[in-house]
Amino acid sequence: MAQTYRQAFDQASTDPETFWLEAAKDIQWDTVPSSAVDASRKPLYSWFPDGMLNLSVNALDRHVAAGRGDQAALIYDSAMLGTVQTYTYAQLLREVEIFAGVLLARGVKTGDRVLIYMPMVPQALVSMLACARIGAVHSVVFGGFAPKELAARITDCAPVAIVAATGGIEPSRRIEYLPAVAEALSLAEPAVKDVIVAHRDGFAHSIEEYHGKPINGQDINWLDWDQLAETAQPAAPVSVPSTHPLYVLYTSGTTGAPKGVVRDTGGYATALQFSMNAIYDVHPGDTMFTASDVGWVVGHSYIVYAPLIAGATTVLYEGKPVGTPDAGVFGRIIADHKVTTMFTAPTALRAVRKADPTGGLMTSHDLSSLRALFVAGERLDPDTYHFTSELLNIPVVDNWWQTETGWPIASNPLGLEQLPAKAGSPTTPVPGFDVQIRDALGEEVPTGEEGNIVVRLPLPPGALVTLWGDDQRFIDTYLSQLEGYYLTGDSGFLDEDGYLFVMGRTDDVINVSGHRLSTGAMEQVLSSHPAVAECAVIGLADALKGQRASGYVVLKSGVEADEEALKKEIVALVRQHIGPVADFREVTVVAALPKTRSGKILRKTMRQIADGKEYTVPSTIEDTAVLDDLMPLLRPEA
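Start counting the sequence shown at 2; every next residue gets the next number (my numbering).
Simulated from the structure, these hints should not be mistaken for laboratory data.
All values derive from a computational prediction rather than experimental measurement.
A couple of the hints might just be wrong.
Unchecked claim - Simulated pairs of lysine-lysine, DSS-like, Cα-Cα distance not exceeding 25 angstroms:
{"no.": "1", "residue 1": "LYS568", "residue 2": "LYS557"}
{"no.": "2", "residue 1": "LYS605", "residue 2": "LYS568"}
{"no.": "3", "residue 1": "LYS614", "residue 2": "LYS596"}
{"no.": "4", "residue 1": "LYS355", "residue 2": "LYS423"}
{"no.": "5", "residue 1": "LYS149", "residue 2": "LYS568"}
{"no.": "6", "residue 1": "LYS43", "residue 2": "LYS149"}
{"no.": "7", "residue 1": "LYS569", "residue 2": "LYS557"}
{"no.": "8", "residue 1": "LYS557", "residue 2": "LYS614"}
{"no.": "9", "residue 1": "LYS149", "residue 2": "LYS569"}
{"no.": "10", "residue 1": "LYS321", "residue 2": "LYS355"}
{"no.": "11", "residue 1": "LYS568", "residue 2": "LYS596"}
{"no.": "12", "residue 1": "LYS110", "residue 2": "LYS194"}
{"no.": "13", "residue 1": "LYS321", "residue 2": "LYS339"}
{"no.": "14", "residue 1": "LYS194", "residue 2": "LYS214"}
{"no.": "15", "residue 1": "LYS423", "residue 2": "LYS614"}
{"no.": "16", "residue 1": "LYS194", "residue 2": "LYS149"}
Unchecked claim - Label pairs and their computed distance ranges (CB to CB):
{"no.": "17", "residue 1": "ARG42", "residue 2": "ALA424", "range": "37 to 43 angstroms"}
{"no.": "18", "residue 1": "ALA592", "residue 2": "GLY203", "range": "44 to 50 angstroms"}
{"no.": "19", "residue 1": "LEU545", "residue 2": "GLU615", "range": "20 to 26 angstroms"}
{"no.": "20", "residue 1": "ARG372", "residue 2": "ALA192", "range": "44 to 50 angstroms"}
{"no.": "21", "residue 1": "ASP16", "residue 2": "SER390", "range": "47 to 53 angstroms"}
{"no.": "22", "residue 1": "GLY449", "residue 2": "TYR616", "range": "18 to 24 angstroms"}
Virtual Cβ for every residue (Gly too), placed ideally from N, Cα, C.
Based on the provided sequences and hints, a complete structural model is requested.
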């Protein structure tokens, strides 16, 4: 691209209309948009309001039409099965056309929701792209989520169909998906008519167990993917408005129901193509390996949509960073598939370092194809940054963003120019994101001083446009604290060079191995135990996982319980209701929890004590003796 970073950032800030219309030229439109941003419903903005397009065409058809149908589009590398399968653009297009035809034949229409509950298998990508092809709205739920969490999402977005696999494969176990789907349907308020299942060998449950058995008095068809595909007619793409919802992706709410982030079609396509040009420097013929899961936003954006929109090859990896078989597996994948750009989470790099302190297992492979490693999901700590940079001797780029934004807020823009890196910082705000630091009253804070990270509206294309079915909740959650700004919920500061440093969350959503989880939801589970009177869950700093959840419970008066047995029961409850993804293991029985006079538990103060940080006891504390008694439990080594 001809622009430098500063030129691009300044134009996106001062003339977003021209900037984003120019960026939109890299997308194939059925109706080319004549305007960029629509502010008629502000603070609810939309992008390219008169544009029409289809995202599966942009990801597949246009590359085949350009003569690159024989190029690899998808490489499925399963360490769990020991197999590798490559799909060319022409082959992947055929798979998507057929499954889109399956959905049409089952009555799925433009605008209908389809919930996808899949492990890391090609059918996950195929089903997402098939929904995009016919204008259905997909909602992918990570396969490790418990039935209760799955049920909440079914109730909220009311899918007409669920697409699932018989199960997922972990290094030490197999996870049966069908019982979880059946239980979730029994807990939900479903409009589901069909459950379409991709069969995998080696699982105990099959569709025959469930087909013909009503759930909540409703008949649900349990159908085999392959059988339906045999007779399906390939589906042509449906042109939809730029503002048409592409997907709903749920992120943890601090209280109550999960928040369904709504992503549009044209703005998202434009933003992803721009990010591949300006940030990731990935182009047709390159190979991108994103070690994430399709259930998370990183998987949506940089396993599925962005690499294919850009005409690159995407690697779908079913396995772990260590243990499948060892800490050198990332190196093996880079060497085998000539990966040019990799994307992973700091947790994965810390796991590699813990298992292989010198990194020799990774560097024993030929890594000469790799140009850059991008890292996101949580803060990249300086130790891990330095270890990885010295190990690979290539740019290691911390990029910071959220489920809500869909693509990076801050990153080193390698496709524009490589800026000097600073350990602990994701570099500078990306063009389109006007990042500012404000205090609790909404006033700007001095350079270098920590405060709330906010982004001036409108958010650029690709960011969320609302929450599913609830514009007011979107406004109340993100836009109401400071008029004209989006509240990220993170705190941090900008230094004298304009580099952003993100220091942590300002609410009670914690980040465990890159997965955002609500401590409020965990507390709800803890308090459901019959022996528990009240509780608190806080996120503690963890060298490997970023944060880990730690629970503190006060027993009901008169209850006498075996503490070890109680802890095991509570851990099992969290696993049942939140899922193993929470990795919840720590429970401490305490006599009381520190509170303000108004009854608010001092979670932040507890977390600061446990992490060994400086803290100030609020003047509104009800009883300082409670905090004094708790200190040895929070910091037993002190």
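So, going through the hints one by one against the coordinates:
| no. | hint | result |
| --- | --- | --- |
| 1 | LYS568 to LYS557 | holds, 15 angstroms |
| 2 | LYS605 to LYS568 | holds, 23 angstroms |
| 3 | LYS614 to LYS596 | holds, 19 angstroms |
| 4 | LYS355 to LYS423 | holds, 24 angstroms |
| 5 | LYS149 to LYS568 | holds, 21 angstroms |
| 6 | LYS43 to LYS149 | violated, 35 angstroms |
| 7 | LYS569 to LYS557 | holds, 18 angstroms |
| 8 | LYS557 to LYS614 | violated, 31 angstroms |
| 9 | LYS149 to LYS569 | holds, 20 angstroms |
| 10 | LYS321 to LYS355 | holds, 14 angstroms |
| 11 | LYS568 to LYS596 | holds, 23 angstroms |
| 12 | LYS110 to LYS194 | holds, 13 angstroms |
| 13 | LYS321 to LYS339 | holds, 19 angstroms |
| 14 | LYS194 to LYS214 | holds, 13 angstroms |
| 15 | LYS423 to LYS614 | holds, 23 angstroms |
| 16 | LYS194 to LYS149 | holds, 19 angstroms |
| 17 | ARG42 to ALA424: 37 to 43 angstroms | holds, 42 angstroms |
| 18 | ALA592 to GLY203: 44 to 50 angstroms | holds, 49 angstroms |
| 19 | LEU545 to GLU615: 20 to 26 angstroms | holds, 24 angstroms |
| 20 | ARG372 to ALA192: 44 to 50 angstroms | holds, 46 angstroms |
| 21 | ASP16 to SER390: 47 to 53 angstroms | violated, 36 angstroms |
| 22 | GLY449 to TYR616: 18 to 24 angstroms | holds, 21 angstroms |
Hints 6, 8 and 21, counting from the list given before, are not met by this structure.
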